[in-house]
Amino acid sequence: MATAAPTRRVESSSSWRLTDRIGLGLCWAAGLLLCLIAAGIVGYMAYRGLQYLRPHLLWERPLSDSDQSKSGGFFDPLVGTVALTVIGTAIALPVGVSTAVWLVEFGRPSWLARLVESGVEVIAGTPDIVLAIFGLVLFQQQIFALLSFQAEGNAVFGRSFLTAGTMLGLVALPFIVGSTREALQTIPRHVREASLALGKTRAATIRRVLLPAARPGIATGTVLGMGRIVGDTAIVVILLGATLQLQRVGGPPLIGDVRGTGSTLTSYVYNNSPAGEGNASEKAYAAAFVLLLVVIGLNLVAGRLGRRKVSWTS
Amino acid sequence: MRKPWSDDRAERVLGAVACLVLATILGMVVFVFAKAWPSFSHNGLSWFGPAHDGTVDDQLTAIFNSPAQPDRYQYELGAFSLLWGTILTTAGAVVLGVAISVLSAIFIVEFAPPPVRRVMTPVIRLLAAVPSVIYGLIGILVMVPFVGNHVVSQERKQSVLYVVQLTGTSVLVAVLILTVMIVPIMVSIMADALRGVPRSWTEGAAALGVNRWRVMWTISVRASRPAFIAAIVLATARALGEAIMLSMVSGSQGFSPNPLDGVTFFLEPTRPLAATIVDNAEGLSVKPFGQTIYAFAAVLLVSTFFLSLAGWAAKQPLKRYGMGV
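As given, the protein sequences belong to chains A and B, one line each in that order.
Per my numbering, residue 365 is the first one in the first sequence, and the count goes up by one each step.
Per my numbering, residue 10 is the first one in the second sequence, and the count goes up by one each step.
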């Protein structure tokens, strides 16, 4: 969006009516208030985080102990956050990109396309807590027993990295669909026509021309979605079993781990705050600071990626 | 080399994935309502009314402790205080948030000097990105003790001690933090809409001698009203569904604050629906209790569904003059 020309002369507000000047003042107040709040949050979390964060916390495993000096660090939650982000993205990325490509490039019949479009919007609007307990009832069905742990008496536990990751994939999905769609829609018609004129099929055009061109948009959406996965708490608290350490289920190494339960930085912060059982605010501050850094980092990456737009000259 | 996909095959596969997304939503609605049905059918419309004897929390405990025989399950529930808590926090945050968002969107688009504008964009993005658990942590460790120790006086605590304890976990803190959480959503949509107002309209007004504030207020804001409504709807959905932060700061007590209490009203604890689900997640395996919890989720699902619908409808007029959001 082109902003105002640099030589624009700004009129003085001193000649305005009083009501207009009050409005202008309120605008300044609201804008500065937001800046202050943001600075306050980051500043306070940095102050507390640097006060309590010690390097050894990053690789010590958490232990349940009421004494804060003995309750260990948050290595397992860190691993949990990374694992969940990987699983969630691995599910959301292919599904999201396919949905967006279908919507933009095919979209027939059109009523179905409209339905899918509004469906994605419904997912974006659904509270994550509802997604969480929907995931619980879904994955406790017998056919999903493989995804989690099965107790005696055939009851399926329904809580594991795989089930939580799947639901978190749904959280990230609208971001990926949205940005992929937008990227595809900005590709001009003549690019598609040129590819088709060279004798490529539509499928090949999508794969060789459109997807590479849309890559910056897809990457932005993916990183934004990852930010949401990292920051999500409700699904993790309910669907990951909220065990302090990673608890593996029997089976081959990696598969047994992802079928097991664990915790992430968000659930660690929640459980160590006065609202949870741990009530160890020093640990909560330290973990929250790390979490904030991760989220800010992801947003910086998304901002950087978003700026790298392919420019089309016609 | 493997044979490349034909167009037909690509279309069918991609379409199938898109339908999978639809099927998931359908599955969600079906599963949640199937689970929730006993709670609704047993209580009828009194589900939405006030609790008959005792509080909602007493009723929830009774449901949790109901006998194991299916024919003796307890379902008795009047969830009014939870609904009231949801309405209070959501409405409070949205009203407060709309005022701040409209003003700061105008500020960003029109009045902020370029250096300030360059700061504002990342600030809004940052506020939107902070996880709710961090907002909750700041709320419960900083704001709640502050309100409990300095804002609520001893006399005020004494005056309502016979109904409820005032500890600082309150509607006030919940509304304030929720406002900060939903403002960035609204600001980014509103600022986009204000920027999308055709330049000829604002320049025409300016050429007639209208000052910049009047141009914004009478031309730009009016033209982007549909986008503003869409933004408000999105923010409302977000506020309704916020669970973790509210469960940390709102007091976790099924109490309905009474507006007739004056200032005390803002300092009384409450507990919205979404927070109730988080707080009681351990009890999901107890069958009647789990069904009650799913009933809460069903109410949230229906409300957000209608909000999505309203947001979609609100955006339609924008397409008429080519100001897509």
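Hints in this document: simulated from the structure, not taken from any laboratory.
Each residue gets a CB set at the ideal place from its N, CA and C atoms; glycine is no exception.
Treat the hints with care, as some may be off.
[To be verified] A partial selection of chain A residues facing chain B, derived with a Cβ cut-off under 7 Å: (1) G471; (2) P473; (3) S474; (4) W475; (5) T597; (6) I602; (7) S637; (8) N643; (9) G661.
[As the list claims (entries may be wrong)] Not close to chain B: a few residues of chain A, all C-beta gaps over 12 Å, as computed: (10) R385; (11) L397; (12) A454; (13) A464; (14) I551; (15) P580; (16) V594; (17) G615; (18) I660.
Consistency of the hints with the structure:
no., hint, in the structure
1, G471, "9 Å, violated"
2, P473, "10 Å, violated"
3, S474, "12 Å, violated"
4, W475, "12 Å, violated"
5, T597, "4 Å, holds"
6, I602, "5 Å, holds"
7, S637, "5 Å, holds"
8, N643, "11 Å, violated"
9, G661, "10 Å, violated"
10, R385, "8 Å, violated"
11, L397, "7 Å, violated"
12, A454, "14 Å, holds"
13, A464, "9 Å, violated"
14, I551, "17 Å, holds"
15, P580, "17 Å, holds"
16, V594, "7 Å, violated"
17, G615, "24 Å, holds"
18, I660, "7 Å, violated"
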